[in-house]
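> For reference, the chains in residue letters:
2 protein chains.
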Amino acid sequence: MNVLVLGSGQLARMMALATKPLNIELRAYDVASQQAINPLANDQIFGDLATGIAHADVITAEFEHIEHDVLALCEASGKLRPSSQSIKIGGDRRLEKQLLAQCSVNNAQHVIVEDEQSFNAAIESLSLPIILKSALAGYDGKGQWRLKSLDQASQIWLEVAEFFAGSTSDVPQGLVAEQMVPFDREVSLVGMRSANGEIKVYPLTENHHTDGVLSVSLALDAAQQLQQKATEVFTRITNSLGYVGTLAIEFFQVGDQLLVNEIAPRVHNSGHWTQQGADTCQFENHIRAVCGLPLGGTQLLRPTAMINILGEDTVANDILAIEGVSVHWYGKTKRAGRKMGHINVSGNTSEQLQQRLVAVANLLPESAFSDIKSYIRDH
Amino acid sequence: MNVLVLGSGQLARMMALATKPLNIELRAYDVASQQAINPLANDQIFGDLATGIAHADVITAEFEHIEHDVLALCEASGKLRPSSQSIKIGGDRRLEKQLLAQCSVNNAQHVIVEDEQSFNAAIESLSLPIILKSALAGYDGKGQWRLKSLDQASQIWLEVAEFFAGSTSDVPQGLVAEQMVPFDREVSLVGMRSANGEIKVYPLTENHHTDGVLSVSLALDAAQQLQQKATEVFTRITNSLGYVGTLAIEFFQVGDQLLVNEIAPRVHNSGHWTQQGADTCQFENHIRAVCGLPLGGTQLLRPTAMINILGEDTVANDILAIEGVSVHWYGKTKRAGRKMGHINVSGNTSEQLQQRLVAVANLLPESAFSDIKSYIRDH
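One line per chain: the protein sequences are Y and B, in this order. Going by my numbering, the first residue of the first sequence is number 1, and it counts up by one from there. Going by my numbering, the first residue of the second sequence is number 1, and it counts up by one from there.
Hints should not be assumed to be uniformly reliable.
Result set (DSSO-like, lysine-lysine): computed pairs, CA atoms no more than 30 angstroms apart in a straight line [stated by the list, open to error]: (1) Y:K79 x B:K334; (2) B:K373 x B:K334; (3) Y:K79 x B:K332; (4) Y:K339 x Y:K373; (5) Y:K334 x B:K334; (6) Y:K148 x Y:K332; (7) B:K334 x Y:K332; (8) Y:K334 x Y:K373.
For each label pair, taking beta carbons as the anchor points, the in silico distance ranges come out as [to be verified]: (9) Y:M1 x B:S350: 40 to 50 angstroms; (10) B:D43 x Y:K332: 45 to 55 angstroms; (11) Y:Q98 x B:G292: 51 to 61 angstroms; (12) Y:T314 x B:N196: 39 to 49 angstroms; (13) B:A32 x Y:S374: 36 to 46 angstroms; (14) Y:A195 x B:N362: 21 to 31 angstroms; (15) B:R146 x Y:E351: 47 to 57 angstroms; (16) Y:A32 x B:Q225: 56 to 66 angstroms; (17) B:A101 x Y:D313: 33 to 43 angstroms; (18) B:E351 x Y:L128: 50 to 60 angstroms; (19) Y:A32 x B:D318: 38 to 48 angstroms; (20) B:D43 x Y:S167: 38 to 48 angstroms.
No lab work stands behind these hints: they were computed from the structure. Glycine residues also receive a C-beta, built at the ideal position from the N, C-alpha and C atoms.
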């Protein structure tokens, strides 16, 4: 089976690693060079998009910010899973909010902003503080503003207007202005839906962010009621889309309520722990789903967490000596704040996991990991 | 870190898959074409042995039947781990027997056969039945004869003489004639030794063979005393060799005694279950050891077994729907009896593992898997 993945980052690489044992040959379409490449080989280039589409049995995506003409070409081949509609919803917060409304799924109060008039209208109709998020692109904390007091409004509007003007997208840029939710914590659900409607989800994950970027995820074992609520939302959304593949939903948890924050129509950073903590990881299960293969087990095997390595290209080798630790590098060039790799940590009990997390944290340098270190120690 | 593996079969491929996340770039030296290749890419060829040696930081091997001039070149670079001596011992049963004697390790009574005279001497000094195994090459049941009654001797000698004459090795061929051990079962121990002398071993595995080829391995949890004995043998052998990397020891178990059957100076088929059943699999731990990285956890996470796929290039997709099942294909061309892939099966309890093994066996075709199916059902 030949699979073409739109996007050639770490997610495509981890899909390739996870499914090579199924004799699935995975090529990744690099949007910068507009060439299909082998994500497991340096400098093995297979040709342009048309060649990649022709060679593939199945086409899927590792990210949602894909030019619409690329999606259209892939969809026309009849091989794209999930659909371009599903991918676009993940790439445009306005479509996402429409979908949530259609599915009657709880989310934050919000107003769509497309110009100064709607910007001001949003400020009037929502209570402060307000978070403004770009409708297109800009995940991981980019293209976001926080309006805490009214005197910030004019300065923020200047920045937003400049941001709009700088957009190179073929779709008009916009914002979703959301009333900030005083949440207790952020959790996410990663799961898969098959073409035949089979759904499997992993346990909810508690997520910690550093400077707006996910930095720690902890799989949650004992939250049955919450897990059911999240699964219900997952089922409603993926059935509504006729979704095929892995999809992630980020939630704000407020008491025992879940408000959807964001949908990612793909494998997700908060599901990386499944490489060590579940029978079948999200990467293999995504490819299984889009290739029409049965889904593998998603239960939590033992307490497991993930630590992102942001902006660093080495960690102390001693970390590898801690039992239950797996280090996953992405082979990327170092850049400040960049997702360079992650560390999965498992324990036989929650206490053992916590001990091992602290042991790992103690070996991470204060400079780059201070927030992660204090989060782990305080947990 | 760049690693060159001598040999380009499934073991090199699985080493590459296991250590790509450590940003280790692994090239495999294909002895047939005499070229280094990317085991994770079709048709990516890097050049000849000299180029491969120059490019590598570390050189290791996935098999022991390597021409001595190749080993000598690699050793001269100062990058080869384990040493050529260790690799040669795995490739010549005569050297292996010498090592076992040096280490005072129990093994079957045996006589070295190099000509008709020593062949007859072996028959005289050993009790029937005798198993005759070629000293060089010929693992997986090839180059072996069983002498059950004296009237077979002349016919077997004719075959052996022809076998000797057909040898293309740069070392004289020979046989080890062993008194057959009336063993209760065959078990094996896979473990690692680091350059600094650190040793970690996985739990003993019970092995079942079909037509002389390993077909099922079951990790054993509750054999503390046996585990200690096997670990003691592992420690003595690897310390004696100053061994670096993964090494496997096959034993005959007779009551509570262990007799060494064979040593493999490499990752081993009976350790494939570690991909799902241990923190760090034998492939990653081998590369960690030869690269001077700390060894990862080797404890049994939960009951796990492996089924080899011999001579078949597909199995029913429904097998993937059974929880706790991982299928590993090697991307090889189908040939009768060839190791094409394996299936790892885990359960939360021994009973659940057994249920899942039976469920897998029920989906395997009778034609190719009849022996495996009856072994699993009777277990």
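> With reference to the structure, classify each hint as holding or not holding.
Cross-check of the supplied hints:
Distance hint between Y:K79 and B:K334 is fulfilled; the C-alpha atoms sit about 28 angstroms from each other, no more than 30 angstroms. Restraint check for B:K373 and B:K334: the C-alpha separation of about 21 angstroms stays at or below 30 angstroms, so the hint holds. Between Y:K79 and B:K332 the CA atoms are separated by roughly 26 angstroms; this keeps the pair inside 30 angstroms, and the hint holds. Straight-line distance between C-alpha atoms of Y:K339 and Y:K373 comes to about 17 angstroms, which keeps the hinted pair within the 30 angstroms bound.
Simply put, Y:K334 and B:K334 have alpha-carbon atoms about 43 angstroms apart, too far for the 30 angstroms limit, and the pair is violated. Between Y:K148 and Y:K332 the alpha-carbon distance is near 37 angstroms, which puts this suggested pair outside the 30 angstroms criterion. Between the alpha carbons of B:K334 and Y:K332 the distance comes to roughly 37 angstroms, so the proposed pair goes past 30 angstroms and is violated. A distance of roughly 21 angstroms separates the Cα atoms of Y:K334 and Y:K373; the hinted pair therefore holds under the 30 angstroms criterion.
At roughly 34 angstroms, the beta-carbon separation of Y:M1 and B:S350 lies outside the given 40 to 50 angstroms, and the hint is violated. Separation of B:D43 from Y:K332 is about 25 angstroms and departs from the stated range, judged on CB atoms against 45 to 55 angstroms. For the hinted restraint 51 to 61 angstroms between Y:Q98 and B:G292, the CB-CB distance of approximately 55 angstroms keeps it satisfied. Evaluation of the 39 to 49 angstroms hint for Y:T314 and B:N196 yields a failure: the beta carbon distance comes to about 21 angstroms.
In this structure the hint that B:A32 and Y:S374 lie 36 to 46 angstroms apart at CB is violated, the actual value being about 56 angstroms. At about 26 angstroms, the beta-carbon gap between Y:A195 and B:N362 stays in the expected band of 21 to 31 angstroms. The supplied range of 47 to 57 angstroms is met by B:R146 and Y:E351, whose beta-carbon atoms lie about 55 angstroms from each other. About 60 angstroms separates the C-beta atoms of Y:A32 and B:Q225, a value consistent with the hinted range of 56 to 66 angstroms.
Between B:A101 and Y:D313 the beta carbons are some 49 angstroms apart, a value that contradicts the proposed interval 33 to 43 angstroms. Restraint check, B:E351 to Y:L128: a C-beta distance of roughly 59 angstroms satisfies the suggested window 50 to 60 angstroms. For Y:A32 and B:D318, the hinted distance range of 38 to 48 angstroms is satisfied, since their beta carbons lie about 41 angstroms from each other. At about 41 angstroms, the beta-carbon gap between B:D43 and Y:S167 stays in the expected band of 38 to 48 angstroms.
Hints 5, 6, 7, 9, 10, 12, 13, 17 from the earlier list are contradicted by this structure; the remaining hints agree with it.
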